[in-house]
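Participant: Turn these sequences into a full structure, and let the hints steer you where they fit.
So the sequence lines, in the order shown, correspond to chains A and B. Letter by letter, the first sequence follows residues 85 to 432 of this note's numbering. Letter by letter, the second sequence follows residues 100 to 398 of this note's numbering.
Possibly wrong hints are sitting among the right ones.
These stretches of chain B come out as covered by chain A in the derived footprint (C-beta under 8 angstroms, 3 or more residues) [unchecked claim]:
1) 260-269
2) 276-287
3) 383-389
Derived by calculation from the structure, the hints in this document are not laboratory data. Glycine included, every Cβ here is placed at the ideal spot set by N, Cα and C.
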Amino acid sequence: MSTQTEEYEVFNTDEIASTKPDSVKVTLKTFRFNAETDYLPYYKLYEMEVGKDELVLDLLNRIKWEHDGSFSYRRSCRHGICGACGIKVNGKATLACKQNALELVELFGNELIIEPQSKKRAVKDMIIDKKDFWDKHAEVKPYVVAEIDPHPEHETKQSIEEFNKFLDSDLCIQCGNCHYACPVVEVNEDYLGPAAFNAAYRFTVDTRDEAGEERLQLTAQMGQGVWDCVKCFECAEACPKEINPIEKITKLHNMQFEQGVAVSNVATRHAEGFVRSIKKHGFLDEADIVIYSEGYLGMYKHLKTAIKMLKAGKIHFSDSLPFVDNVPKSKNLDEIQKLIEISMTNKL
Amino acid sequence: MMSNLKYALFTGCTAKQSTPELLSSTLAVAEKLGIEITILEEASCCGASHLQDFDEFLAHVLNARNICYAEKLGMTMITICNTCQLNSAMTKHALDTNPELKARVNEKLAEVGLEYKGTSEVKHFLYCLIDEYGLDNIKDKVKVPLSQFNIAPFYGCHNIRPSELHHDANGGENPYNPTSLDQLIEALEGRPVDYDHKNKCCGFHVELQANHTSEVLAGNAMVDAIDNNADLMVTPCPLCHLKMDTYQDDIGHVIGRDVELPVLHMPQMVALALGCTEEEIGLNFHVQKATHLYPAETA
Chain A
85 MSTQTEEYEV
95 FNTDEIASTK
105 PDSVKVTLKT
115 FRFNAETDYL
125 PYYKLYEMEV
135 GKDELVLDLL
145 NRIKWEHDGS
155 FSYRRSCRHG
165 ICGACGIKVN
175 GKATLACKQN
185 ALELVELFGN
195 ELIIEPQSKK
205 RAVKDMIIDK
215 KDFWDKHAEV
225 KPYVVAEIDP
235 HPEHETKQSI
245 EEFNKFLDSD
255 LCIQCGNCHY
265 ACPVVEVNED
275 YLGPAAFNAA
285 YRFTVDTRDE
295 AGEERLQLTA
305 QMGQGVWDCV
315 KCFECAEACP
325 KEINPIEKIT
335 KLHNMQFEQG
345 VAVSNVATRH
355 AEGFVRSIKK
365 HGFLDEADIV
375 IYSEGYLGMY
385 KHLKTAIKML
395 KAGKIHFSDS
405 LPFVDNVPKS
415 KNLDEIQKLI
425 EISMTNKL
Chain B
100 MMSNLKYALF
110 TGCTAKQSTP
120 ELLSSTLAVA
130 EKLGIEITIL
140 EEASCCGASH
150 LQDFDEFLAH
160 VLNARNICYA
170 EKLGMTMITI
180 CNTCQLNSAM
190 TKHALDTNPE
200 LKARVNEKLA
210 EVGLEYKGTS
220 EVKHFLYCLI
230 DEYGLDNIKD
240 KVKVPLSQFN
250 IAPFYGCHNI
260 RPSELHHDAN
270 GGENPYNPTS
280 LDQLIEALEG
290 RPVDYDHKNK
300 CCGFHVELQA
310 NHTSEVLAGN
320 AMVDAIDNNA
330 DLMVTPCPLC
340 HLKMDTYQDD
350 IGHVIGRDVE
360 LPVLHMPQMV
370 ALALGCTEEE
380 IGLNFHVQKA
390 THLYPAETA
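Facilitator: So, in C-alpha cells, the structure goes:
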C-alpha cells in the first residue's frame, strides 16, 4: 500500500463538498478535568458552527481560543505523524488532526462527545498519563537489535519482499489509540497491548534484527502476551494508520509455532486442538477441546459449568454417555482430512 | 407466502452441539417467512480465530472449502454466528484481494476436486432479515408483539468489527453506534435498551486462558444492561450467548453482585414474536432459565 495515496484520500474533502452543507451547528460535550483541583470530572457544552473542512483539532483549538483558554490537549505536527492528538469522539478513537469533524456528525449526529483516550488516566482534560503505554512499548525492544560493524564495507540491504513484511506496521506513530481502545488493557494491567505487539512484530520480522526469539518468548507469556487477546478487533478499528494490529497479533501467534517458541499450555493446546477436532469430525468437539486444552486435572474448574450445561441439555449424549463420540460429522469428511494433511505447516 | 429468498446455511459448530435452540429457531423463522434454507452439511469448523492462531493458511483453506459448497449451489452463504461470519468473511476478503494467496489455496482445494471462485457472498442471518427480507415485511408477520419487554441488544464484536469486512455484504454498521438489532427489536414491538456496552466484547475467546478478563468483560456488559432495566438480552452470536448465559454465576462472583438475565439468540427473539412453537424456540436449553418469556397462553 502506498502511504501517499492514503494521506491524499484522508485529506481530500472534495467528495464531502459536493453533497454536504457548508456548515452545521454542533454541540461539543467536552470532558473537563484537572487532577490538581477537581474532585470529579465534568462535561461542558460548547456550541459552534462547524465548517465542512474543519478537523476535530480545529474544534479543540476553537474551544481553547474562543471559549476557555484553560482547555488542555496535546497537539504538535498537525499532519498525522506525531501521534500526540489521539482522543475519543463518541467512543471512537480518533486522531484529531486527521479526522474531518462533519464526517463524525454524519456518524453520530449533532452532539459530539469529546473525551480523552482513557478517562481514568486523565491529568488535564484531553491530556492523559501514557506511562503504561510507553513502558509496555519499550518492553518489546522496539528497535533493531544487532551487532553493528563500526566500519562496514557495504550496506545492510533489504529486499522489497523483506521490507514489505513490516511496511505497514512501521507506520505506527505511537498515538496510543489502539492501546486505549483495547478492553484487555483496561482489565489486565500486565497485558502489553496491541501497539506493543505491533512493534514486537515489526522488529521480529526485520531480517537485520537478532532479538526475534526473545520478543516471541516475551509475547508468548500468559497474562502479558498475545494469548490474552480477546479478538474484539477494537484495535483494528482504532488505528488511524490502518495498521490492523490484530493481524500482527495473529502473525505472532503463528510465528510462535513456526519457530518452536510455543510451549504446551492451555492456550496453545486450545489453538492446536482445533485441528484435532476438525480432523476427527469436521466440526469442533466442544467438550473435547476443553478437556484437551485444560488436561483432565484442569477440568475440575469446569465441572460446575459442565453440570449446568448437562442439566440444560447443552451437552449431547451418545449411547447414553456424555462426552463420548457425540459430535455430528461433516459430510465428505475425507476431503477435510486430506486438506489438513496437505495444507498444515505448523506443529505444537 | 414464499419470499423467494434462498440461502446456503453454514451452521457452525455450536448450533449443532451446545445451542441446538439456535438452529431450530433459525429454521423455524425461515419457514415462517418463506425463506428457503439449504444446510451446508459438508462444511467444517471456521476455526473460530483459534485455528487461525495456530495455522492461518490451513484456516483459509478450510474456510474457502466451506464457501465453495455455497458457490456450487449458486447461493449466498449465511451464518448464524458472528465468529463464523468474521472468519469466513476474512478468508473471502483475503482470497478476493490477494490472487497469489487464492492460487495457493486453490492448489490445495484442487486435490479434493474443488475450486474457490469468489462468487458467493457471506452474510449473517441478521442482515438477511433486515436488508433482504426487510423490517416492514417482518413487522407484518408479528403475531406475538414483544411490547412488554425491555430488550438489550448485544451486537457481538465479529459482526461489526473490523468495519471494512462488513461494509459490502454484512450490514455495514457503524461499529461505534450499531443500530440493526435495535431496529429489529422495534419491528417486533419490543423496547430496545440503550446502554454503553452494546457493542463491546463479551470475553468468550479467552474463557479458558484468561478467565478473569473474560468474566469482567461479560459482567460489565450484563450489569450495564441490567442497570438500564433490561428484561432480557438478545445477541446474534452463540458464543456471546454461551458466555453470558452459561457463566452468570461465575460472572456474578467476579463482579461482586448478582447477574441474572435471560440471554436470547437473535432468531429466538424473532421466533417468539412470529408465534413459533416452544419446541422450535427452545428456551429450555438455556442455563439461565428463560421459559417465562413464552406468551402466557402457551407457557
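Participant: Would you mind marking each hint as holding or not holding in the structure?
Facilitator: Taking the hints in turn, this is what the structure says about them:
no., hint, verdict
1, 260-269, "holds (count 3)"
2, 276-287, "violated (count 1)"
3, 383-389, "holds (count 4)"
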